[in-house]
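Residue numbers (the UniProt record's numbering): 1 to 199.
Treat each hint with caution, since some may be false.
[What the hints assert, rightly or not] 25 angstroms max Cα-Cα, derived BS3-like pairs, lysine-lysine:
#, residue 1, residue 2
1, Lys184, Lys33
2, Lys33, Lys88
3, Lys116, Lys88
4, Lys107, Lys88
5, Lys192, Lys33
6, Lys33, Lys182
7, Lys192, Lys182
[Unchecked claim] Restraint-style ranges between C-beta atoms, simulated for each label pair:
#, residue 1, residue 2, range
8, Ser7, Trp138, 32 to 38 angstroms
9, Gln194, Ala106, 28 to 34 angstroms
10, Thr181, Ala106, 31 to 37 angstroms
11, Ala189, Ala144, 38 to 44 angstroms
12, Lys192, Ser7, 41 to 47 angstroms
13, Ala189, Gln114, 37 to 43 angstroms
14, Trp199, Gly13, 45 to 51 angstroms
15, Gln194, Arg117, 34 to 40 angstroms
16, Val171, Ala106, 22 to 28 angstroms
17, Gly193, Thr16, 39 to 45 angstroms
18, Pro6, Glu198, 33 to 39 angstroms
19, Ser7, Gln114, 36 to 42 angstroms
In short, the hints are calculated from the structure, not lab data.
Where a beta carbon is used, it is the ideal one built from N, C-alpha and C, also for glycine.
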Amino acid sequence: MPQGQPSVVPEDGLTTRQRRNRPLVAVHTGPGKGKSTAAFGLALRAWNQGWPIGVFQFVKSAKWKVGEENALRTLGASGEGGRVDWHKMGEGWSWVQRDDQQDNEAKAREGWQQVKRDLAAETYRLYVLDEFAYPLHWGWIDTAEVIEVLRSRPGNQHVVITGRNAPAELVDFADLVTEMTKVKHPMDAGQKGQRGIEW
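Sequences are here, hints too, so could you generate the full structure?
Written as structure tokens, this is what we have:
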């Protein structure tokens, strides 16, 4: 097992083991590609550890069949590793303007209510809240409420939130924050997304 050395050891009364095993809130944000991909990489690790995993997709269309869903559902049903449940709340891509935003907003709120119920019941060990930063950024879901629910969640439940424009309050609260920055992207040269790379 890798033996990283922390740069600071806080005087919080916890043992090294207790501090190491604290449940984390991670945020993957920024304009670059790879936020969801990194979260699903964490889900693969969690599956390998036998953890139950809940994936909650906000904003992305429920009609889209993404490769990560197929792979993780297959792994979850394999009888090895952890169980994987996949929940889709969105009706359209995050960057596409829709006339029916009220419906999207209602579905995002319903999704958040389900996440709250599952956190209270300790249903999963890892939660992937994919594209959840968007409903927070748009004001559909109250960031302060999300932070309070995450702060008081019981047990040993890890939560990873993806999406551009994560609110500053969430970034400040999170234990692990990664900002994906774009240096170069094929779309800049007029190339659309492709199978096996974007989905």
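Consistency of the hints with the structure:
no.	hint	verdict
1	Lys184 x Lys33	holds (10 angstroms)
2	Lys33 x Lys88	holds (21 angstroms)
3	Lys116 x Lys88	holds (15 angstroms)
4	Lys107 x Lys88	holds (9 angstroms)
5	Lys192 x Lys33	holds (13 angstroms)
6	Lys33 x Lys182	holds (7 angstroms)
7	Lys192 x Lys182	holds (16 angstroms)
8	Ser7 x Trp138: 32 to 38 angstroms	holds (36 angstroms)
9	Gln194 x Ala106: 28 to 34 angstroms	holds (33 angstroms)
10	Thr181 x Ala106: 31 to 37 angstroms	holds (33 angstroms)
11	Ala189 x Ala144: 38 to 44 angstroms	holds (41 angstroms)
12	Lys192 x Ser7: 41 to 47 angstroms	holds (43 angstroms)
13	Ala189 x Gln114: 37 to 43 angstroms	holds (40 angstroms)
14	Trp199 x Gly13: 45 to 51 angstroms	holds (46 angstroms)
15	Gln194 x Arg117: 34 to 40 angstroms	holds (38 angstroms)
16	Val171 x Ala106: 22 to 28 angstroms	holds (26 angstroms)
17	Gly193 x Thr16: 39 to 45 angstroms	holds (44 angstroms)
18	Pro6 x Glu198: 33 to 39 angstroms	holds (36 angstroms)
19	Ser7 x Gln114: 36 to 42 angstroms	holds (38 angstroms)
When held up to the earlier numbered hints, the structure conflicts with none and fits them all.
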